[in-house]
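Going down the list, the protein sequences come from chains A and B.
The first sequence lines up with residues 1 to 335 when you count with our numbering.
The second sequence lines up with residues 1 to 284 when you count with our numbering.
It is worth saying that the hints were derived from the structure and are not from the lab.
A quick note: this is a predicted structure, and the numbers were derived from the prediction, not measured.
Heads up, the beta-carbon is just placed ideally off N, CA and C, and yes, glycines get one too.
Be aware that one or more of the hints could be misleading.
[What the hints assert, rightly or not] Calculated Cβ distances over 12 Å to all of chain B for the following chain A residues: (1) Asp30; (2) Ile136; (3) His250; (4) Val264; (5) Asp330.
[Unchecked claim] Below, in silico cross-link-like pairs of lysine-lysine (DSSO-like), each with a Cα-Cα straight-line distance of 27 Å or less: (6) B:Lys14 with A:Lys43; (7) B:Lys242 with A:Lys43; (8) B:Lys94 with B:Lys265; (9) A:Lys238 with A:Lys179; (10) A:Lys13 with A:Lys43; (11) B:Lys111 with B:Lys14.
[Claimed, not checked] Now the stretches of chain B that chain A is said to cover, found in silico as 3 or more residues with beta-carbon under 8 Å: (12) 95–102; (13) 116–124; (14) 151–159; (15) 180–186.
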Amino acid sequence: MGGLNYTMIDTAKLSTAELYGKTLTDLAEDHPEIVGLTADLAKSTKIGVLGEKYPDRLFNLGIAEQNLLGTAAGMALNGMVPFVSTFAVFTSMRGLDQVHTDICYQNLNVKMIATHAGLSFGQAGSTHHCTEDLSIMRAMANCKVIAPADGMETAMAVRAAYETPGPVYIRINRGFDQKVYDNPDFGYELGKAVELHEGTDLTIIACGPAVWSAREAANVLERVDGIRARVLDMHTIKPLDAEAVRAAVHDTRRLITAEDHNIVGGLGSAVAEVIAESGKSCAFRRLGVPDTFSIIGLHEDLMAHYGYDMNGILETARDLMGADFEDDDDWDDEI
Amino acid sequence: MGVEREELLRLEEKARDLRKLIIDTVVWAGSGHVGGALSSIDIITLLYYKYLNIDPTRPDWEDRDRFILSKGHIGVGFAPVLADLGFIDHKLLKTYNHTGSELGMHLDRAKVPGLDASTGSLGHGLPIALGLGLSARLKGQSFKTYCLMGDGECDEGSIWEAAMAIAHYKLTSVIPIVDRNRCMIDGRTNDVMILEPFCDKWRAFGFNVIEVDGHDMPALCEALDTAAEAQDKPIAIIANTKKGCGVEFMADNYRYHYASFDAEKAEACKIDIDKYHDARAAAL
Ligand SMILES: Cc1ncc(C[n+]2csc(CCOP(=O)(O)OP(=O)(O)O)c2C)c(N)n1
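In isolation and in its complexed conformation, chain B is listed as follows (with noise of 0.2 Å):
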């Protein structure tokens, strides 16, 4: 598929956008998950707006792709994508975390339409992945399954084990992507639990392995072309990504997996965010 120049610029922008609106959002929250939220934004950007086959009027369309948000604490990070794509209403973003809402810190299928799976407990996602995919080619369907895990995440045996049974069934719908920020909650993960050598145990559990850059729109482009065309053997894509990506002083700090801050700091931080994308697009 590749990316033409002009998508490319649109793209860019998005996640510009969609960066200050992940401020936004928290400061409505109050709180939240911030760090990993900009960590996952280029990807999902580029999922919600290339390549995802889905329909905002027809959330519960039975052949659209997929995405499972398996890292579910970055809610704050996905409810402004399904705002701006008409999921949700845009309104709702100013609820988020109050009582009562739609909208609280782990989103809720029940309740966000555009939500393909309530997640939160960590490991469950690629299990259900596993499941979509698995039924899917039962049922004669061709979508894609498009998993989102956290590195941490990874020290789940929940996700080695559907790993495992991805590579069994050769179910080369599922993709596996794991935004790969080297932080978790207590530290840094090489601190509190080493995954390396990361790769090679996906390999060892019989993927292909694309690493990439996560946020380098036309190395992930190419990432996931590539997924989408594998034929016998499944292909995880390992993305190096930074912990509060575009904001100074949270860039790669494990100790911004959680924030709040006030309007003013929100300000500074879409500075620095229009800083890092002006940097970013120069740079293209």
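Excised from the complex, chain A in its bound form (with noise of 0.2 Å):
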């Protein structure tokens, strides 16, 4: 991936979305054809950083996200590539048919890069908590679905989403990220899990903010149980890297999703459906938001009143090291 020069002093200075906006400008430099595009918010989800350097590539549409959305198709029909920036509740929500009909139905080149994603605007309350987005837009045929880990994976993210022809739907976190990567040289691909720890007791999937809580809960899991657990980074929802989540099944057969989302539909259903369809049984728990409209607050003691902090994967999974399995002779077979 060329050209990505993201320091680690960077990503300690800059916000999720301030990287964003950084990357986004950065590629802009070298592709005229990239457009932003947001509703009133250009502060709020950094794409302004764009206009800054590009005024006239910048379309503030105001209000509006239907017409944001719209708007971008159009441009995308005449061969730009808009970057479009609203809340992702907005994004996903606010004007989904015309992301659907728009933009997907015709597998238009729009990258949707959502922000104050999950329960990462806490203290707003449901109307601007988005915990639907990762269910609703996975079934959006075409689209792209990722939920990058903090922000370097962001901006290796929005990179990929540029490089990936079709629809692509980024969703980040409001604020700062606690930081899972200290540099770019992770082997980041779309569609393709990162492994950040190793194990064969048991596999957390997680994506978005959990993945820094799992690796911190596998680290403890470690040190003062001594169980491995396997850590797997799922940056995208769709297409989910199924070879992973079965090797997982196979190896370890004991799996939890941990994801700052409904359980329902989102990062878990989509593990869900994939260990389902291999035929081979295992102990499986979704954590995340428990199909619920999340209370307000912080975005940390919510993850933890949901049990989707680092304590909250702790304990479930201690409790599913006590899943007994029998020996099962077809094992190995394939399916």
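If you follow the hints, you should be able to join the two separate chains into one complex; please do so.
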């Protein structure tokens, strides 16, 4: 991935959205067909950075998300590569028919970089929480769906989105993320999980801010309990790295998913589909928001409240280790 | 109805107190949408302390007038009103935005008695008001539904879809009010997305329009009185306001859409508010 020049210092200094803004502006320098579109959230989503450098390539359409997404489709029909940024809840829901019919159905080259995802705008309440987008966007044919773990991975994902034709949806958080990656050389590839911790006892599959929690939990499990947990950063929800899931089922037989999203329809559901079709049974738990509209509060408090922070994952992992399996002679057979 | 001098003075004092309580609430909350709260508060004060037929002891009373805060981001400007009227416990304001609190940035109808709809996603309020109005007509209820919108919010197509339908159904019981503070998040409405000729847009959608100074209580009363008596054609009130009205450094400054300040700065705000309201009172 040429041209990526982000340092640890950048990721420490810049919020995830700021890294997105910087990446986009760098990309725009080399690719004149890139334009930015927003709906009165240029500053909040940091797409405004593009407009500071290229004022005529950023379009602020006012508070009008349907028009925003439809306009992006029109631009893509004319060969531009629109990056669209508003909050995740408005990208995936306020303008969804435009996303569905104008962008995904016509397989247009629109990149939706949606901010304030999951419960990261915790105090704003359910009108601004977005715990449905992975589920919704996953159901849009043609659309790739990505939930990066931190700022560095967001920069990689934004570049990958540009290089991948067709609609891409990337959801990022408000503010800073706990840092998972220190440098860009971790082999980011769209659709391929990153193994952050080796293990054969159980697998924790996570995306977004839950990735950091999962890795922390794995470290504790190893140190305190002697449990070897495999941790997969499943940044791409679609297309899902099904092979990595099947390998996890085969090798570890115990799986936990953790996501900043409703447990219905998101990463947990996507993984469950692969497990079910693998024909192999395993102990399995989905962690996330338990199909409820969340209480309000700080992001980290809410993750703890619903049990997908480090402690929640740890507890579930210990519980799952209690699951017993009978010997299965056919375990290694192909299905 | 008009407004007698004594009542006017009482309402003016209420607006002053509420402005200060909003500032306190922003401090308790850590931050908040203070600019749009201060531009709307005179309108909300008049509605809640003079016009709305409501009963804080019966928040679910079926025949009460309704108020839909379509610009739902100013929860920090509306919860103080509900607390002052006794719909919610005053102490709750001090928990605003705290983890697990009943009160977050955008208020939740399931947790806040007296709140007629959960809002926060812009462009939703007027269609909800339309639904309340149509159903009231069908059920033979005579309550009115006031809907307070931001001007930036009027970029949303759904506002105009509802406006068209309100006029179509001659639904005079629904009274749209726009807080025309000419500011949104990324800048002034004129710079981000031009709304003018704004009043003519409402006229073209089938409304009689009353344009009024949104910080002039007698003028607002006149507008609300007229709107309440509309017969065949609904009335929209366009209230010209200042974002951050009452606090010098915030006034008419879009950068104070959302702000946080400490107790010290809050005291300075309150001194400003007193100055502002003293001047207003002197001019009455
Ligand atoms: C559908 C939707 N899009 C975007 C936002 C984010 N947002 C919150 S407040 C705001 C600006 C509102 O401006 P205006 O309606 O003029 O309100 P005011 O200036 O009176 O506060 C925006 C864009 C939102 N809440 N809902």
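Whether chain A covers the segment 116–124 of chain B (at least 3 residues having a Cβ closer than 8 Å to its Cβ atoms): holds (count 6)
Taking beta carbons only, do three or more residues of the segment 151–159 of chain B come closer than 8 Å to chain A? Answer holds; 5 residues pass the 8 Å Cβ test.
Histidine 250 of chain A and chain B, when compared Cβ to Cβ, separated by more than 12 Å: Given that every Cβ of chain B is farther than 12 Å from that of histidine 250 of chain A, nearest at about 40 Å, it holds.
Taking 27 Å as the top limit, are the C-alpha atoms of lysine 111 of chain B and lysine 14 of chain B close enough? holds, 25 Å
Check whether the Cα positions of lysine 13 of chain A and lysine 43 of chain A lie no farther apart than 27 Å. It holds: about 17 Å lies between the C-alpha atoms, which stays within 27 Å.
Holds or violated: lysine 238 of chain A with lysine 179 of chain A, Cα cutoff 27 Å? Given pair lysine 238 of chain A, lysine 179 of chain A holds - Cα atoms ~23 Å apart, limit 27 Å.
Given as non-interface: isoleucine 136 of chain A, partner chain B, CB spacing beyond 12 Å: holds, 15 Å
Just want to verify: aspartate 30 of chain A was marked as not at the interface with chain B; is every Cβ pair farther apart than 12 Å? holds, 27 Å
Do the alpha carbons of lysine 14 of chain B and lysine 43 of chain A lie within 27 Å of each other, as the hint requires? violated, 35 Å
What's the verdict on lysine 242 of chain B and lysine 43 of chain A, does the C-alpha distance respect the 27 Å limit or exceed it? With a Cα-Cα distance of about 22 Å, the restraint between lysine 242 of chain B and lysine 43 of chain A holds, given a limit of 27 Å.
Should the label of valine 264 of chain A as a non-interface residue stand, given a Cβ cut-off of 12 Å to chain B? The assertion about valine 264 of chain A holds, with a minimum of 20 Å to chain B.
Coverage of the segment 180–186 of chain B by chain A (three or more Cβ within 8 Å): Holds: 3 residues of the segment 180–186 of chain B have a Cβ under 8 Å from chain A.
Violated hints amount to a single one, hint 6; each of the other numbered hints is respected by the structure.
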